[in-house]
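S.K.: Those protein sequence lines, which keep their order, are chains D and L.
Adding 1118 to a residue's 1-based position in the first sequence gives its number in the numbering used here.
Adding 33 to a residue's 1-based position in the second sequence gives its number in the numbering used here.
Some clues are possibly wrong.
To be clear about the criterion: a stretch of chain L counts as covered by chain D if any three or more of its residues have a C-beta under 8 Å from a C-beta of chain D, and this derived list gives those stretches [claimed, not checked]:
id, stretch
1, 168-177
2, 379-393
Below, computed lysine-lysine pairings styled on DSS-like, alpha-carbon distance capped at 27 Å [as the list claims (entries may be wrong)]:
id, chain 1, residue 1, chain 2, residue 2
3, L, LYS369, D, LYS1482
4, L, LYS439, L, LYS234
5, L, LYS234, L, LYS342
6, L, LYS320, L, LYS234
7, D, LYS1482, L, LYS335
8, L, LYS360, L, LYS342
None of these hints come from the bench; they were simulated from the model.
Predicted model, so just to flag it, every value in this text is computed and none were measured.
Here a beta-carbon is modelled for each residue, glycine too, at the ideal position from N, C-alpha and C.
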Amino acid sequence: MLGLEKKDATLLLIVFGLTMLAPFLLNPFPEGSAMAQFNAGYPDLMQRFVIFGIFAIGFNILFGLTGYLSFGHAAFLGIGSYAAMWMFKLFGMNVIPALALSVVMSGLFAVLIGYVSLRRSGIYFSILTLAFAMMSYALAYSVLATDMDGPDRQGLLQKGLTGGETGLQLTLQDPRILGQKAAEDGNLPVPNIFGLEMRSSAELELGNWVFTFSAGYYFSAVVMLIAFYLSIRIFRSPFGMMLRAIKSNQQRLNYTGLNPKPYTLAAFVISGMYAGLAGGLMASMDPLAGPERMFWTASGEVVLMTILGGAGTLIGPVLGAGAIKYMENILSKINSDILHGWFAFLPDGLEDFVVAIIYPFIGKGWHLTLGLIFMAVVIFLPGGLVEAGQRVARMFRGKKAEDDSKSASTEPAE
Amino acid sequence: MSKTNLTRRGVLKTGAVAGAGLALPTYLSAGSHTGFTNAPGDSSVTLGFNVPQTGPYADEGADELRAYELAVEHLNGGGDGGMLSTFSSKALDGTGILGRKVEYVTGDTQTKSDAARASAKSMIEKDGAIMITGGSSSGVAVAVQALCQEAGVIFMAGLTHSNDTTGKDKKANGFRHFFNSYMSGAALAPILAKNYGTDRKAYHLTADYNWGYTTEEAVRSSTEAMGWETVGQVLTPLTQTDFSSYITPVLQSDADVLVLNHYGGNMVNSLTNAVQFGLRDRQVNGKNFEIVVPLYSRLMAKGAGANVKGIFGSTNWHWSLQDEGSKAFVKSFGTKYGFPPSQAAHTCYVQALLYADAVQRAGSFAPCAVVEALEGFEFDGMGNGPTLYRAEDHQCFKDVLVVKGKENPTSEFDLLEIVEVTPVDQVTYAPDHPQFAGGALGTCNNGA
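Hey, can you work out the whole structure from these sequences and the hints?
M.R.: Here's what the structure looks like:
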């Protein structure tokens, strides 16, 4: 199907099913129940799942296939966001041209940064990309942010190119030459795709459950499916094979007379464009672009996502992105009051004790939990969550499958 | 390499699933029609407290959260009622808001616009918060205010001092009780002239972000208006912790006043560096070298220790104020937590009460009704004397405190002494003042 092998087609169908049914799958607990705290089926978080999924899929094309560890990928995320915002400000609120410019701009920057950084490999490459990302951050944060000497307070560039720490926002004074300057009620217009507003949503009430279907989420999900499909095609193409060859032994490749540079640069640019697309989508869902999107912690986050999910696997990065965003948004919101509510059935002293034990790991301590899980995954499951899934599947399939995998592993390579 | 393995049954199955998935949303009617976003049920109402729990302003955030918890307790009729008894409006009766019990959810802004918006969005979309409040940075306040305007909920700003929050970036659904950079400049200038004279040469070190710019602009224009000259201006990165390299050029210039447009940890470090370099013992142009900190807080004074002694600054509120409202608030806060509240705690507590009162007076949670109730609202008994919520820009106008570091502090909380209470008339400005121009409130948004 679609030029895919059966296994990949099944995977794509599974991802399709999961994304389309996400509002149901992520809202398993009825409204108002104690477990409703763990529901993740609200538009903002679902959008984040798929957008960071795209970001991680793109990162995986570089890191998973070529083994080049970029520590500055967030720069492209930020560039994509700023590009989309300027499209909204100058031309109109349709997201298609905004996303197009995001991809193009981040691609251009990726060529530039990649050309310089890829002259080195290993740790030096990582440090170079990190340096470029922090330069972009500094530029966005202050150099391009504002003009202290002669602020033209009414003008378009009153807050410079990036708006600095406050971020780049829409204003009613923006020209928007192809679209409406303001909505009918005098407020800021909303990003839309040919009239369908990204923030519009429908709700379905079934008993105690409320499911929200957001236009923005489904748009992002479709974009992610396309991105996922493209990534499968890249993984299975001769180009992808070449990237794997670079990962396994670059020197041997050099000796066989092949120049790996164009391939690594192409992979770098493609993954930069994925990041730009994700950044553009972020701005489309929530029209604001801030410099902290380019900070090195954001770059580190996508590395975590990819490794947590399983570097070099197709679905891994998406799972990793989902896991981290879930913890960031759900775990971090559990406060001590909620804990006391859960353990209220215990005797007082014991309740306080249990809460005191759990408290460091929730709320603002969610980073600690993430760190522990990350360590556990790296130590016990080097293949990430995907490996965990495979192990579970193997356990269920029992001995027969084990024999199969044994015979499969002794087969010669194609 | 590619292999298509289509069966009739397979195509039918996937087609049916995909069709159902795509068609489902179109079947559904949009939302429930209450007329505004997150209309509360009959028994309870949820407020969203979005404060920095991690990052550089985590101390302020923790104090803000304490204040909100206290406010919720008082609104629900618990505790001693705090400022409810001194508040000039008597609409609130300790039975929650419009008879609904007040509940709350919390979020972490991390003092980052992105994180703050994500947290506010989840409170609005997931927890059904009807109002978002809090924050300890102007960047965050501006970002969250814009979000609340789009989503159709009310935003009651926490600690945000930049002119832009109710200037260039003002929004119809957003309200600020805290004072701003312009007010600091206008209140400080006469005191500085009286103590240091009118022929001074000032050097500005300014935090390189939105709040730093507007504060420098405000202090510069009000001090230049009374005869001071600005001889130097340097922007410092927000993440800077060692300011030595910025202090050396000050020594080489002929400046005799250093203005530190820094807040929080920045100010603690830059002031400490300045004192270590012996700036305060210097004589320039035959005058004593002086240091000014436009925005003071008790938490900062605590961090800088003995270095703040005698240094002038401004503040929104201080716990040593002796009016009835302040005394009631300090008493109930102190009883609950064991120490006096900071100005961040005060402004957040007052904002929560003002919102509840506006809903009560309007008789509705609908944002537009609340906006109408708050616009032009005059009140008293909240610790700052008679106060006006101006309709044109949703900024509170009230007296401003000029403080200085105490020479002989009696406790770890008694670090600032009030030099003057600048009357409100002196810090009032026209809504279209150049430092505030360029924005528009827009119209109030009720959301879905």
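S.K.: Each of the hints needs a verdict: does it hold here or not?
M.R.: Consistency of the hints with the structure:
{"no.": "1", "hint": "168-177", "in the structure": "holds (count 4)"}
{"no.": "2", "hint": "379-393", "in the structure": "violated (count 0)"}
{"no.": "3", "hint": "L:LYS369 x D:LYS1482", "in the structure": "holds (23 Å)"}
{"no.": "4", "hint": "L:LYS439 x L:LYS234", "in the structure": "holds (25 Å)"}
{"no.": "5", "hint": "L:LYS234 x L:LYS342", "in the structure": "holds (22 Å)"}
{"no.": "6", "hint": "L:LYS320 x L:LYS234", "in the structure": "holds (11 Å)"}
{"no.": "7", "hint": "D:LYS1482 x L:LYS335", "in the structure": "holds (24 Å)"}
{"no.": "8", "hint": "L:LYS360 x L:LYS342", "in the structure": "holds (25 Å)"}
Of the numbered hints given earlier, the model fails hint 2 alone.
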